[in-house]
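Kindly generate the complete structure, drawing on both the sequences and the hints.
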Amino acid sequence: MAVPDPKEQPQKMLEAVANHSAQVVVVDELGWVEDSKTVEIIAGKGVKVIATVHGSHLGEAVANPAHFPVVGVAKHLVERTLVQERPPVFRMAVEAYALGRIRLCPDLDQAVRDILARRPTPVLDFNLRTGEYTRTAHRAGLEGGAAAPEKA
Numbered sequence: 025m026a027v028p029d030p031k032e033q034p035q036k037m038l039e040a041v042a043n044h045s046a047q048v049v050v051v052d053e054l055g056w057v058e059d060s061k062t063v064e065i066i067a068g069k070g071v072k073v074i075a076t077v078h079g080s081h082l083g084e085a086v087a088n089p090a091h092f093p094v095v096g097v098a099k100h101l102v103e104r105t106l107v108q109e110r111p112p113v114f115r116m117a118v119e120a121y122a123l124g125r126i127r128l129c130p131d132l133d134q135a136v137r138d139i140l141a142r143r144p145t146p147v148l149d150f151n152l153r154t155g156e157y158t159r160t161a162h163r164a165g166l167e168g169g170a171a172a173p174e175k176a
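Residues 25 to 176 in this note's numbering are what the sequence shown spells out, letter by letter.
Treat the hints as calculated values from the structure; they're not laboratory data.
Note that the structure is predicted; figures quoted are calculated from it, not measured.
Just to be clear, a hint being listed does not mean it is correct.
[Claimed, not checked] No farther apart than 30 Å at their CA atoms in a straight line, the calculated lysine-lysine pairs in the BS3-like style are these:
hint, residue 1, residue 2
1, Lys99, Lys72
2, Lys61, Lys36
3, Lys61, Lys72
4, Lys61, Lys31
[Unchecked claim] Now the in silico label distances, taken between C-beta atoms and shown as ranges:
hint, residue 1, residue 2, range
5, Val107, Glu58, 20 to 26 Å
6, Arg142, His78, 39 to 45 Å
7, Ser45, Ala122, 35 to 41 Å
8, Val107, Gln47, 28 to 34 Å
9, Leu101, Thr160, 32 to 38 Å
10, Glu156, Glu58, 37 to 43 Å
11, Arg153, Glu32, 36 to 42 Å
Note that the Cβ used here is the ideal one computed from N, Cα and C, for glycine as well.
Structure (structure tokens):
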């Protein structure tokens with residue numbers, strides 16, 4: 025279902041699940057907190073969701089309040105730090121960082137904890153032109169965010 029007005033996106037996602045029994049929902053850009061909350065709701069019903077978010081790297085996406093519902097993050101009001109309250113909606117993340125290059129975070133839950141603790145995140149770095157990949161640790165910083173202790 026095409027969504028001509030981005031403000032209608034949450035309603036269209038709910039319609040796809042309720043009226044059309046969608047088992048998979050693909051969303052081009054979670055831009056607003058309402059989008060992320062809706063994805064959290066439909067994923068909780070067992071619907072598979074594939075979505076894009078815009079940002080220069082995964083750390084920026086994690087620190088964006090519009091994405092807090094899908095990455096399981098909240099801002100601690102007293103300490104003014106970001107903390108992980110629950111596991112992310114998604115199990116993994118793919119970061120397209122250059123032409124023909126992607127980083128796969130196979131464990132998004134761990135990646136979010138690493139980003140919040142300012143630790144390097146284990147990733148698979150793929151060159152799509154050659155098909156080669158390397159296992160590496162990537163440091164995706166929190167732009168404008170604050171480090172938080174890892175939640176036990």
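Status of the hints after comparison with the structure:
With a C-alpha separation of about 27 Å, the suggested pairing of Lys99 with Lys72 holds against the 30 Å cut-off. With a CA separation close to 13 Å, the supplied pair Lys61 and Lys36 stays within the 30 Å bound. For the proposed pair Lys61 and Lys72, the alpha carbon gap of about 15 Å is at most 30 Å, so the pair holds. Between Lys61 and Lys31 the CA atoms are separated by roughly 13 Å; this keeps the pair inside 30 Å, and the hint holds.
At roughly 22 Å, the beta-carbon separation of Val107 and Glu58 lies within the given 20 to 26 Å, and the hint holds. Between Arg142 and His78, the C-beta spacing of about 23 Å breaks the proposed range 39 to 45 Å. Distance hint check: the CB atoms of Ser45 and Ala122 are about 39 Å apart, consistent with the given range 35 to 41 Å. Checked against the hint of 28 to 34 Å, the pair Val107 and Gln47 passes, with Cβ atoms roughly 33 Å apart.
For Leu101 paired with Thr160, a C-beta distance near 36 Å keeps the hint of 32 to 38 Å intact. The supplied range of 37 to 43 Å is met by Glu156 and Glu58, whose beta-carbon atoms lie about 40 Å from each other. Arg153 and Glu32 have their C-beta atoms about 38 Å apart, which keeps the hinted 36 to 42 Å range intact.
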